[in-house]
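Novice: From first to last, the protein sequence lines stand for chains A and B.
Under UniProt numbering, the residues of the first sequence are numbered 1 to 435, in order.
Under UniProt numbering, the residues of the second sequence are numbered 1 to 435, in order.
To be clear, the hints were calculated from the coordinates, so they are not data collected in a lab.
Treat each hint with caution, since some may be false.
Calculated pairs, EDC-like style, for lysine to aspartate or glutamate (alpha carbon to alpha carbon, straight line, at most 20 Å) [as the list claims (entries may be wrong)]:
| # | chain 1 | residue 1 | chain 2 | residue 2 |
| --- | --- | --- | --- | --- |
| 1 | A | K164 | B | D315 |
| 2 | B | K216 | A | D183 |
| 3 | B | K110 | A | E217 |
Chain residues, written in single-letter form:
Protein chains: 2
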Amino acid sequence: MATSETGQLMKNDQSQIQSFKTECEYHLNNELLPFWFDRAKDNNFGGYITHFDKDGLDAGDDEKSMLGQARMIYVFSSAYRHGYGGEQSAEFARHGVDFLLDKMWDDEHKGFYWMTDRAGKVKIDEKILYGHSFAIYSLSEYTLATGDQRGLTYAEKAFDLIQKYCADTHFGGYFEMFSRNWDLKGPGAAGGDRKTLDIHMHLMESFTTLYECSGKEVHRRKLLEVIELIIDKILHPEYRTGIPQFFADWKVAPQIKFDIIWGWDRFTEDGAKGQAEDNTSYGHNVEFAWLLMHALDVLEIPIARYKDVIRRQYDHALADGIDWEYGGVFVEGSHAGGVYDREKEFWQNAEMLIALTQGCLVLDMDTYWPVYQNVHRFVFDKMIHHKIGEWWPLLTRQGEPIWTHMSHNWKINYHTVRSMIETIKRLDKLVRSKE
Amino acid sequence: MATSETGQLMKNDQSQIQSFKTECEYHLNNELLPFWFDRAKDNNFGGYITHFDKDGLDAGDDEKSMLGQARMIYVFSSAYRHGYGGEQSAEFARHGVDFLLDKMWDDEHKGFYWMTDRAGKVKIDEKILYGHSFAIYSLSEYTLATGDQRGLTYAEKAFDLIQKYCADTHFGGYFEMFSRNWDLKGPGAAGGDRKTLDIHMHLMESFTTLYECSGKEVHRRKLLEVIELIIDKILHPEYRTGIPQFFADWKVAPQIKFDIIWGWDRFTEDGAKGQAEDNTSYGHNVEFAWLLMHALDVLEIPIARYKDVIRRQYDHALADGIDWEYGGVFVEGSHAGGVYDREKEFWQNAEMLIALTQGCLVLDMDTYWPVYQNVHRFVFDKMIHHKIGEWWPLLTRQGEPIWTHMSHNWKINYHTVRSMIETIKRLDKLVRSKE
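One chain only, chain A, in its complex shape (with noise of 0.2 Å):
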C-alpha cells in the first residue's frame, strides 16, 4: 500500500493519516482533556476525584485509591511534557503530587498505603506492588516534565522498597502483595505465593521512565532484568502470548480473583475464571509490545533481538483479537487460538491504537493501517462518550455501553488520554515519513 511503487496512495496514505491525526488532536484539546480540567481536582482536600458517572457527575464515592491518583499525576505530567493544556497541566500534576506524598505515604514502614478517603485518611494501609510501580512511573514522568526533583526522589524510595521487599531472590521476580509493614501476604486471595504478567510488565513500563529520569545503571539494570524475565518466564513457551498468573517458582497458576483488585476482569462469583488456565488478552500483549519497545528505544538497544517475540504478540492479536464486523478489539481469548469474550473494554482498544500506529512505524504499515483504521473507527463512533468527552468502559460487541461510568479509581485517565498523545505522536511521525 505504501510502497515506493504507489506514489500516489503514497500521497493519499499522508492526508489520510493527517485526517485521523486531526481527529485524535480535537478529541484530546476539545473533550478529553477538558472533561478532566473541568472536574478532577479535589480543592477541599488536594488529589483528584476520580468517580464520575456516566453523565460527567462526581458519583460521591469516599474514596481515592492510590493507584487513581498516581495514573492522574502521570497523564498530567505527560500532557505537559508533550505540550497539552498548558501550564495548567503543570499544575494539575503538582496538585495530585503533593496529595500523594502528604496524604499516602506512609512514614513509619515507608511505601504508600493502598486507600484513602477523600480527606486523605487511610481506609487500606496495605503495600501493593502494583500501585508502587504507577508510582514510580508517574513520579518520574513528574519529575521529566516539571523539574520538580520531588518526583524522582519519592520514585526512587519506591523503587529500592520494592527491591527490598518485593524482589524473589530464589525464583527470580516480585512478589505483589504485603501488608502495611511489608510482611508478605498469604496465598490464594491474598495474593502472597502468586507472580503476574500484569505487574511484570507494569514494572517494565515503570522502570523504563525511571531509568529515562534518572539515568542510574541500577535502574538500567533492573529494567533489562525484568525484560528478559518476561521474554523467559511470563510468556506462552510456544505461542509467546502472556499468561496472565503464575506460582513464585512460575509454574503457570489458574487465573483467580485477588482480595486488592485494579480492574474488573470478569470472574465467576467464587472469584474463578472460566478458562483459568488458557487465556490471554489481545489489548495486553500488544500494550506489552508497544511499552517493550519504547523500553529498548530510552535503552537506546536496536530491536533485533525481541523483533521475532514482538511479532508474535501483533501476529496473535490481528489473528483472532480484531472484530472485522463490528469494529474494535475483543476482550480476550485462548493462547493456540479462539475468542473468550467478544465485548469490547476501553483499555484494550486504548493500547491497540499505540500498538498500531507503533507496528505501522517499526513493522509494516501495510499490515498495520488497515487494522488501525478498524480500531480507531471504532473507538470514535463507538467507544467515545463525545458529549461528555470521555470513554464508555465497556460495550457490547455491536458497541452499546454496558458499563456506564465516566471514571472510577480503576479507570480514570491514563489509558485514554495516554493512547491520544501516543497515538498522535507516531501519527505525526507516519506523516512526517511520507512528506
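Chain B: place on chain A using the hints.
Specialist: Same frame as chain A, now just chain B:
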C-alpha cells in the same frame, strides 16, 4: 558405640568427650584469645592489625580489609556472647566497630569500601558482596552480644543495599562484584557475570544472625529464599555437593580466579584451575551443612526437610575427605569421588570440627565421633602452633607447615576462634546428653 545397651562405653564416652572439650577450652582461653588480645588492637589508627608472621610478629602490611576487620568484630562479639575473654572481648569488638563505621563506610555511595591502609585511607573503593555479608554477620553478632544498636543499624543498611544492588531479579541469587557506586563489574576475572557457592552460603550465614538479631519478616524471608536457592541451584543435582562457580543463569562456570580475592584457592598462573568444572571442597560442604542446621534452628524449622541433603554433605566428605593415615581433612576433590588436593588447610579442618560435633548431636554418634577424634588430634597435634597460639594456614599431607604466617587479612581468626567456641558448645551438649 553410645547405645543404651553399652552403659560402660557410655560412661567412657563421657570422660573422653570431656577431655576433648577441656583441650579445646584450654586452647581457646590460653592460646588463641591471648594471641589476639596481645596484638590485634591498633592503638594508633583504630581497628585491628591483621598480618602476623610465623612468630606472631606484626608483618607490617599497610592494609586493612573490611573483610578482616568484620571477621574480627565477629570473633570478639561471639567470644563475649559466649562468656570468653570477659569485658576485654566487648571492648575489642567495639574498637573494631568504631573503625569499620568511621573509616570504611562510604557516605556518598553507601556500603563499605573493600580495603584501606592502616590509617584508614581507602586503597580499594570497590563494593564486594562477600565483605558485605560478613559485615552483616559481624555487626548483628555485635548487637546480640553487646546491645549496642549501631551494629544492627549498619547490618540493616548493608542488607538493604545488597537487596537493591546485588539481587538478580531475573534468575534469582545475587551478583557479587561492584564498583564503588554499585555499578555491576564486567565479566570474567572482574566477576560481574558470576555467582558462587561461597557467597550464597555466607549470605545464609549472615542472614541467619541478622534475623536472630532483628526478628524481622523480610530477613527471615530472604534467609529462606537463599537456603532454597542453594539447595535448588548450587548443590550438584546428582551428588548434592557444592559447585563453586556459576554464570548468572546458573549454568556451571569453570572455576576462575577473580581480581578481588579473599582466600588462597590454588590456581595456575593464568588463573585457571586443574579441575575447573569438577571440584568440590569437603570443608566447605560440611560448613554449609552445619550452618544450614544452625539457620533452621534460628528459624525454628525442623531439619527433617533438609536431612537428606545434610547427610549427603557429610557422607561425601567422610568418604573421601578424611585422611585416615596422617589425620585431618583434605582440601578438595571430585563430586563423583576421588581427591585432587591432599594438603591440609586450616579452615576446612576448623569447620570440620564443628560439623562433626554437630553430626554427633543430631545425626549419629557412632559414625561421627571416631572422625572427630581423628581431625581433633590432627588439629591439636599438627595444625595449632601452640607456642604462638594460632594455627598454621597450610600443612603438607603429613603435617609440615607450607605457609607459615599466623595471620593475614584472609586468615585472621574467624575460622579458628569460631571453631573452638562452636565445638565446645556442642561437646558440652554431648557430655550433658550422656549424664
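Novice: Could you tell me which of the hints above the structure violates, numbers in ascending order?
Specialist: As far as the earlier hints go, only 1 is violated by this structure.
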